[in-house]
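Using the sequences and the hints, build the whole thing.
As they're listed, the protein sequences go chains A and B. When we follow this note's numbering, the leftmost residue of the first sequence carries the number 192, and every step to the right adds one. When we follow this note's numbering, the leftmost residue of the second sequence carries the number 192, and every step to the right adds one.
No distinction is drawn between identical chains; accordingly, a pair holds when it is met within one copy or between any pair of copies.
Within a straight-line C-alpha distance of at most 20 Å, the following computed PhoX-like cross-link-like pairs (lysine-lysine) qualify:
id	residue 1	residue 2
1	Lys462	Lys504
2	Lys452	Lys552
3	Lys496	Lys511
4	Lys452	Lys559
5	Lys452	Lys507
6	Lys496	Lys469
7	Lys462	Lys511
8	Lys507	Lys496
9	Lys469	Lys481
10	Lys559	Lys212
Honestly, the hints are just simulated from the structure, not real lab data. In this text the structure is predicted, and so the values were computed from the model without any measurement.
There are 2 protein chains.
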Amino acid sequence: MAQEVRVKNIGLRGVAVADTKISYIDGERGILIYRGYRIEELAEKTTFPEVAYLLLKGRLPGRAQLEEFSEMLVNSREIPPYVLESFRTLPREGDPMDVLQGVVPLLALSDPELQDESREANERKALRLIARLPAVIAAWNRIRQGEDPLPPDDSLTHAGNFLWQLTGKKPSEDMARDLDVCLILHADHTFNASTFACREVVSTQAHMYAGVSAGVGALSGALHGGANARVMQMLEQVEKEIHSLDEVEDWVRRRIDAHEKIMGMGHAVYKTDDPRSKILRVMSKRLGEKTGYEKWYQLLTRIEKVATEEFEKKGKTGIKCNVDFYSGSVYAMMGIPRDIMTPVFAISRISGWCAHILEEKFGEAQGKPALYRPQAEYVGDYCGEIGCVFQPLEERET
Amino acid sequence: MAQEVRVKNIGLRGVAVADTKISYIDGERGILIYRGYRIEELAEKTTFPEVAYLLLKGRLPGRAQLEEFSEMLVNSREIPPYVLESFRTLPREGDPMDVLQGVVPLLALSDPELQDESREANERKALRLIARLPAVIAAWNRIRQGEDPLPPDDSLTHAGNFLWQLTGKKPSEDMARDLDVCLILHADHTFNASTFACREVVSTQAHMYAGVSAGVGALSGALHGGANARVMQMLEQVEKEIHSLDEVEDWVRRRIDAHEKIMGMGHAVYKTDDPRSKILRVMSKRLGEKTGYEKWYQLLTRIEKVATEEFEKKGKTGIKCNVDFYSGSVYAMMGIPRDIMTPVFAISRISGWCAHILEEKFGEAQGKPALYRPQAEYVGDYCGEIGCVFQPLEERET
Numbered sequence: 192m193a194q195e196v197r198v199k200n201i202g203l204r205g206v207a208v209a210d211t212k213i214s215y216i217d218g219e220r221g222i223l224i225y226r227g228y229r230i231e232e233l234a235e236k237t238t239f240p241e242v243a244y245l246l247l248k249g250r251l252p253g254r255a256q257l258e259e260f261s262e263m264l265v266n267s268r269e270i271p272p273y274v275l276e277s278f279r280t281l282p283r284e285g286d287p288m289d290v291l292q293g294v295v296p297l298l299a300l301s302d303p304e305l306q307d308e309s310r311e312a313n314e315r316k317a318l319r320l321i322a323r324l325p326a327v328i329a330a331w332n333r334i335r336q337g338e339d340p341l342p343p344d345d346s347l348t349h350a351g352n353f354l355w356q357l358t359g360k361k362p363s364e365d366m367a368r369d370l371d372v373c374l375i376l377h378a379d380h381t382f383n384a385s386t387f388a389c390r391e392v393v394s395t396q397a398h399m400y401a402g403v404s405a406g407v408g409a410l411s412g413a414l415h416g417g418a419n420a421r422v423m424q425m426l427e428q429v430e431k432e433i434h435s436l437d438e439v440e441d442w443v444r445r446r447i448d449a450h451e452k453i454m455g456m457g458h459a460v461y462k463t464d465d466p467r468s469k470i471l472r473v474m475s476k477r478l479g480e481k482t483g484y485e486k487w488y489q490l491l492t493r494i495e496k497v498a499t500e501e502f503e504k505k506g507k508t509g510i511k512c513n514v515d516f517y518s519g520s521v522y523a524m525m526g527i528p529r530d531i532m533t534p535v536f537a538i539s540r541i542s543g544w545c546a547h548i549l550e551e552k553f554g555e556a557q558g559k560p561a562l563y564r565p566q567a568e569y570v571g572d573y574c575g576e577i578g579c580v581f582q583p584l585e586e587r588e589t
Numbered sequence: 192m193a194q195e196v197r198v199k200n201i202g203l204r205g206v207a208v209a210d211t212k213i214s215y216i217d218g219e220r221g222i223l224i225y226r227g228y229r230i231e232e233l234a235e236k237t238t239f240p241e242v243a244y245l246l247l248k249g250r251l252p253g254r255a256q257l258e259e260f261s262e263m264l265v266n267s268r269e270i271p272p273y274v275l276e277s278f279r280t281l282p283r284e285g286d287p288m289d290v291l292q293g294v295v296p297l298l299a300l301s302d303p304e305l306q307d308e309s310r311e312a313n314e315r316k317a318l319r320l321i322a323r324l325p326a327v328i329a330a331w332n333r334i335r336q337g338e339d340p341l342p343p344d345d346s347l348t349h350a351g352n353f354l355w356q357l358t359g360k361k362p363s364e365d366m367a368r369d370l371d372v373c374l375i376l377h378a379d380h381t382f383n384a385s386t387f388a389c390r391e392v393v394s395t396q397a398h399m400y401a402g403v404s405a406g407v408g409a410l411s412g413a414l415h416g417g418a419n420a421r422v423m424q425m426l427e428q429v430e431k432e433i434h435s436l437d438e439v440e441d442w443v444r445r446r447i448d449a450h451e452k453i454m455g456m457g458h459a460v461y462k463t464d465d466p467r468s469k470i471l472r473v474m475s476k477r478l479g480e481k482t483g484y485e486k487w488y489q490l491l492t493r494i495e496k497v498a499t500e501e502f503e504k505k506g507k508t509g510i511k512c513n514v515d516f517y518s519g520s521v522y523a524m525m526g527i528p529r530d531i532m533t534p535v536f537a538i539s540r541i542s543g544w545c546a547h548i549l550e551e552k553f554g555e556a557q558g559k560p561a562l563y564r565p566q567a568e569y570v571g572d573y574c575g576e577i578g579c580v581f582q583p584l585e586e587r588e589t
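Next comes the structure, spelled out in structure tokens:
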């Protein structure tokens with residue numbers, strides 16, 4: 192039994208709860224690494240399926256391996272018919288994140304290898320989840336509009352096919368590649384709240400679907416994956432409230448003075464520029480020029496500049512823009528509805544979640560798995576040795 | 192920023208991660224307390240709705256309050272029709288825990304107060320969840336057998352009505368009360384893996400349904416809620432392998448010598464008798480005599496006695512039977528199918544989960560909520576300042 196350690200009331204900030212070999216963040220220097228490789232290099236030179244392979248298996252694939260893996264992704268993406276049938280029974284206004292969290296455990300019902308807890312079988316479950324999450328989101332988006340899901344287009348990439356099945360428009364190669372890069376950027380981020388939820392749940396020996404569903408639940412929170420949509424909400428608010436770009440400065444100052452949050456700025460781990468936001472900033476600019484929506488990029492860069500200066504004036508250094516600051520605008524320019532932005536985060540992060548679930552289940556970083564079973568300090572009523580004096584129902588005051 | 196603390200590789204055992212006012216365990220002395228009251232006293236003198244009220248609101252209800260609360264439970268238990276419709280689309284062999292984890296986020300779709308994050312609205316969400324989980328389990332159990340769900344019987348208690356809707360048999364008053372006591376015993380247990388999952392998920396500001404669904408996922412694991420069904424599995428195995436009770440001793444010794452687990456024995460927190468198992472042991476005996484299934488009680492007490500002695504001989508003191516050791520036999524004698532035993536755990540623990548979610552969301556024990564965002568120590572590949580050297584796809588060995 193370890194000696195009791197008190198780390199309470201800080202949400203485990205700065206507390207190393209496990210070892211991992213999957214990813215690494217140097218928050219002071221703005222470095223993010225997956226399995227040894229810098230995120231900038233992966234975003235430039237790889238594809239999302241390649242990164243998913245890297246995360247799951249711990250090494251980059253050779254050509255034949257990547258081809259096999261990509262083919263398995265394509266062959267696994269068909270959703271079981273009962274999922275589509277059950278979608279047709281649901282209230283159409285259902286939030287896609289709720290639907291996604293609900294559907295993941297239901298996918299377990301038809302996994303032919305559910306009882307097989309070998310690493311190989313779990314890798315195949317991971318692959319099926321990576322393949323199916325985009326199809327599930329796209330199908331829900333169609334069904335809630337009273338339309339039938341679209342058949343996949345095998346000539347498109349993983350990211351491109353998602354855009355097609357979601358929007359009903361075939362994306363350009365450039366746009367498909369942009370989304371592919373977004374998926375690479377969001378694929379893993381060590382022990383964030385959703386990944387920790389996945390690991391915590393499977394530490395009880397629950398299956399991968401149970402863990403992933405919990406991850407989706409955590410991601411749905413406004414302080415986690417919900418942030419990109421909130422940035423878009425903020426942008427729409429700014430647009431309404433100002434008449435020219437010159438008014439951005441005042442708008443930001445008023446907001447900061449009123450102690451309101453600037454959405455998409457600040458991060459639990461990064462104290463300098465988030466390396467992912469640098470890539471997304473460039474992408475937002477380029478997509479803006481191409482699609483005619485430069486206004487969002489212009490607004491965002493102004494807000495970023497003024498807010499950074501204001502925070503520094505107030506001595507709050509290190510509040511820089513995070514991955515969510517530019518991603519919402521990028522997704523909007525791709526035709527992704529606002530309430531599908533967090534699900535897009537999920538169809539990327541699913542690769543990291545599954546890699547962490549494998550690491551947790553097989554004790555791959557620290558030799559053996561450990562059920563998470565923390566303690567809490569009791570600060571409630573306690574009336575001596577025998578507990579509080581119990582009053583029978585009749586004698587209690589109402 | 193707190194200084195970095197290293198508690199890794201131990202699953203947070205012995206690490207106090209937060210304050211709580213909800214429940215307290217003294218593992219050395221075998222004491223369990225909900226909101227100040229000893230579990231023994233609550234099990235003897237209260238009902239499950241009373242305990243749910245206590246957990247959610249922090250005080251025992253007066254008569255009028257309890258009546259109002261119970262009435263709200265009765266009025267809230269109807270499941271939205273789309274849930275039943277979607278149940279009819281699912282593969283019938285689906286594990287009830289997967290179905291339950293999946294259905295909880297779908298219940299959010301029709302919660303009229305989903306967006307209202309006040310404490311009052313969240314309390315009402317909790318009440319709806321406590322009311323509906325039993326109805327959901329009972330409905331799935333009927334639908335998977337090709338039968339229609341049964342209408343509730345308002346003359347029965349919360350526990351009694353669940354047995355009726357589940358099995359189609361009206362339980363005796365005694366049996367309904369026995370299940371009621373089981374629900375009291377399982378209602379809360381501080382920061383166990385499922386409760387921690389609930390709290391962790393809602394710490395992102397995700398809604399209550401997202402948190403509860405994660406809790407169900409954690410509970411489904413064999414190291415957590417899945418244990419009671421595993422005890423039953425073990426009992427069935429013993430029955431097959433021995434011909435008389437006298438052979439139990441050898442059976443247990445062989446199992447321990449082969450380093451196989453004795454299911455339902457040992458606990459992360461209790462180092463002495465689990466106060467809940469003492470109550471369940473008596474219940475198992477009484478129900479056995481009444482239903483003619485004394486054999487299970489006889490087997491269990493033999494196994495407990497021999498295993499405790501064997502563990503002590505080996506210097507492993509403190510491996511005592513836990514809450515799961517006798518509960519499976521109790522549920523079996525009530526006509527509850529083996530794969531519904533963990534869901535029964537859930538229909539009790541839902542009250543504790545919701546109380547913890549309220550405490551987490553409103554910072555009720557420690558002044559303010561804190562997003563759980565732990566760290567991990569990176570022990571994977573890292574090749575200096577710039578990361579590992581990236582090999583283009585063409586140059587990689589397969």
